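**Q** Residue numbers (the working numbering), protein chains in the order written: chain V, 1 to 298; chain G, 1 to 355.
Simulated from the structure, these hints should not be mistaken for lab results. Since this is a predicted model, take the numbers as computed values, not measurements. Using N, Cα and C, we set each Cβ at its ideal position, and we do this for glycine too. You may find that some hints are simply not true.
As the list claims (entries may be wrong) - Selected chain G positions facing chain V (in silico; Cβ < 8 Å):
| hint | residue |
| --- | --- |
| 1 | 133 |
| 2 | 314 |
| 3 | 316 |
| 4 | 326 |
| 5 | 330 |
| 6 | 331 |
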Amino acid sequence: MSDDFGFFLLLMSNGLLIGLMYGLIALGFVLVYKATDAVNFAQGEFVMIAGILVAAALGVWKAPLWLAAGLGIAAMIGFGFALERTTLRKLIGRPVIAVVMATIGLASILRGIGPTAFGAGSRPLPLPIPDEPIVVGPLFIPPIQLVGGLVSLMFLGGFGWFFVKSRKGIAMRAVADNQQVAMAMGINVQRYFGLAWAMTGMVSALGGIIWGNIIGVDVNLSLVGFKVFPVVILGGLDSIPGAVIGGLIVGLVENIAAGYVDPYVGGGTKDFAPYVLMILALMIRPYGIFGKKIIERV
Amino acid sequence: MIHRECGVLKTTYEADMGLYPLPIAKWTVGIIAGLFFAVIPLTLHEYYLSIANLVWIAVIGALGLNILVGYTGQVSIGHGAFMSVGAYTAANLATRLDSPWPVNLLAGGLMAAAVGAVVGIPSLRIKGLYLAIATLAGQLIIEWTINHVTFISGGVQASIEVPRPRLGSMVLSSQRDMYYFLLVFVVLAIVGTMNLVRSRVGRAFIAIRDQDIAAEIIGIDIFRYKLLAFAISSFYAGMTGVLYTYFLGIANYEQFQIGVSIDYLAMIIIGGLGSVLGSIFGAIFVTLLPIVIRLSMEAFGGMFLPQQVVLNLIPNLRLMMFGALIVFFLIVEPDGLNRLWRNIRSYFRIWPFAY
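If we strip away everything but chain G, and leave its shape as in the complex, we get (with noise of 0.2 Å):
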């Protein structure tokens, strides 16, 4: 990731498939692991950490999002509500049948899981603009139907109160123990995206993305490849909204509506369509940005506007960057944020040399 490679020759597939491109690139994401796993916990204030979590949670519903619409090729305005079914099913097994929150999490997702490819099946039929039309018909009718049906959600406009997760006797209460909590999943999500991108599954996603008569003819069965993509990706988004709703504590409808898949989107976008490390950055960008929007402007508006104007702005402000970035993005640099890092990291890889 950040060290400079040079005299990479491989001479086997194997080699070329490898996660490690050379033995340093093992120290690499060694030094990185410490860095999350102890500098940044035992370092920053809980409000710091809490942004982080945030971060997380977000990370592992980007690379979700990415498996389908960056691997698989196909659109989704539908993960808020993959999101919320996930939620909705743990925080009611939870307070119901008091269960654990592994067979939560487990649960959650594999409902998301379930009801995502019941929204992938207009995949078979129709692509492109209509499927984006279809899954937002699924966004909205999920929605409507969780904030109807008073044995999910406990009625309209309710919100669902879970308990905090406990590993063993200790309760998960602080943003330091969620966040540890969180970056186990984070690290799995990652090495999973990883691996499944790199295996057989994932190569027949990419050849139906690219060209799905073509994958079609070398014997790619599109049916069970299309609705696994929707299945894994709502997985991840069904974990990514049960993390979140143990995360804040309340499971709410409110949580998981169509902005929030917009957002999801958004990541993918300016991160890069089609890379695990694009998710990531596209996560921590949007995340970030209403909260550094916020911050900037609490901090430097006052300057210039009284602080009603300030108060009033911040919320529209972020809508208009946000919309902002994301048309930037797709017109100047639609590889995204990780085509940014990979032009840096191969301008260092023969500095100080030129060309």
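Just chain V, same shape as in the assembly (with noise of 0.2 Å):
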């Protein structure tokens, strides 16, 4: 085997692990989409806060692991829950520019709020996992990307299920599909809306705590949510299978071309490329690999 193949190796490994931890961070908007048809451009500020939450249990309240984590994704539970109440139930109805820019405001709100709380430094966000890279042949695993993608496919898994089998997933599919017939035949559509955030507050702060872990906690952790909009438009803005291919196919092509192209053009090609492929994507299948096919054509 020669360098060239296993550096390319290398590329993929790491791609795909990545891949699968964006899948995770989508997955969060992808089940709004899905269940209300409103988008969250906060979504990376979501994964922000909760990560401050934990860093900060563990930092400075000196808790156990368990509880923080524990705590953090309660915390955001709460909030999706409390968020849906108060604020997108409002502007259910309203022009998409109004979503767009009320979970835009939110992101800002959610900036100010994070340093403001709990300190603008960095911090480590701990978790009992070796640094060692385990090393098979020419590549090198970080274990932290192992678990992160491990615990991306059970959640994908889990929703997937949830979304299928069971009678809230049901009820949510029938809400997303028509809000008012789901109402006639008697379900709550409020409640699935509160459901739906509650539950991408519950894959933010998943989401939160291994990214923490790799990049450390600040205000530039809801960077990450930059990366949700390529993989959601590749894989369909409301397909849970598409989040893990969308996001997949993400970590792929960012990390192939950071490995080939940063050197001739001084850095940056990972936040770059994806957007590229998005662009074309939209040109081509706006609607993604997986979404639904009914989208308003002019």
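With the hints as a guide, bring the two chains together.
**A** Spelled out as structure tokens, the structure:
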């Protein structure tokens, strides 16, 4: 095996694992869009605020990890419910730009609250996972990425099951499909909207713990949110398998682009390549790989 | 604007479309013009004039964005990038060719219009949320390209120094000079927008916003008018970028990042979508917000909190207030400050008699 091929494999494996973790964050976006047709431009900020909460619980209050993680997840679930009740419910039926701007405004609020409440400095978010990479042939696999990938797969599978088999999941799909008919069938639509936001909160909390461990916790953790859009556009805005596949594609493309193009242009390809891919996807297949094909055309 | 209207009876369409609903409106406009052209620049201190200049620049950008979002109904999260296109076009022309500012201004606007029309192409296939994400991609791609192509930006994280604009032999260096310089373009932008939206083109824009399929059926070429809306709006954005560059004296890509696109969207949401006066109100409001927060925190924050805490709090407070205001206006007053203004006016229209 030549060195070049080894390098390629290394980029691939890294990209796949990172891609799975993008999938986890994109899942939060997809859950909300699937159930409520609302878009969450604050997904990255959800992840950030959850990461800050957990890191603060670990670092300042010296809570054990299980308690800190539980606290973070519980807080984000409560936050999701509260947010839907106070803000998003009032915007139902308004034009797209209203919801987009409301979540952008929310993102701004969260960016302000995080450093004000917990300090502006970067915090570590230590997990009991070894730092030593696992070496397999030419591959170096950091254990945290492996754990992150596994957690992502677990949750993606779990939510997949939830939507297909469980009573609540089926009700949620009915709400997503047609709100009026769902209401006529006796489904409490607003409760399911709240539930969708709470589920997004939970997924974001997990994303915050994993990503916070990898890149540290401060305001910049929210930049992970910028990766969500290429992922969900590629996979389809309302598709859970799409979040995985989109995540994998974005992870692969950005790693390979960064590995082969960065040396010539001086860095930054990682943030750039997924968006080029996304533009192409929007032109060719705007509803994504798995998305429902009813996208309003002009 | 501030006069009380009474006995308005229009019998022709021309009268209904007129810029001045009543003869007295000319007086009102004259008084406001006098205030801004004579009283404010001659009485205010240079520091306050520099704030006024920032407001003027924002007004032009907000008007442009409102043409696209408010009148045509196409969302754009890429206006910061269009501004940077204008700014770098002008900066490169000024430093490489030593061209005068009118040429740079026009070239910057036209270049931004061209780029904006290209970014707007997806709007022919997709709309709403998908278009918002496509323009977001446009923003990030343009940002990255400008930052990484040395020919444009002079290298990663570099900035280009731009010479001050000159009129004949006079160099516009003080804030007062800049004030007049900018005010001319603000007037042009306001009059241009008001005339645009009541013309054939503007009515086509509004038809597309309200119901695009119906608009197509009554014979509006959607392809042409959507791209035209993107181009005109980006032209304003490009001009804004050039003027901002002349105001700062340097072109730097950090002045035009995604936060700027969001600021301008906030301006038109807070001010009022689809309204010229709303764009002006919103631009004033959003530009002054961080300044007022900083000044009031510096003045009063020290009474309750230690100095260091106050300094850390200011930027975060700005973010929180900004976000909270966007959400507040969206929920409570979707038509923005313009609607509040109209409510005040219609209250005083019949004052002091009860309805």
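**Q** Does each hint hold? Answer for all of them.
**A** Hint check:
1. Because the beta carbon of residue 133 (chain G) sits about 5 Å from the nearest beta carbon in chain V, less than 8 Å, this interface hint is met.
2. With a least beta-carbon distance of about 10 Å to chain V, the hint placing residue 314 (chain G) at the interface is violated under the 8 Å criterion.
3. Given the 8 Å rule on beta carbons, the hint for residue 316 (chain G) holds: about 4 Å separates it from the nearest Cβ of chain V.
4. Below 8 Å, beta-carbon pairs count as interface contacts, and residue 326 (chain G) has one with chain V at about 3 Å; its hint therefore holds.
5. For residue 330 (chain G), the suggested interface contact is upheld, since its CB lies about 5 Å from the closest CB of chain V, less than 8 Å.
6. Here the hint on residue 331 (chain G) is kept, as its CB sits about 5 Å from the closest CB of chain V, short of 8 Å.
Hint 2 alone, counting from the list given before, is not met by this structure.
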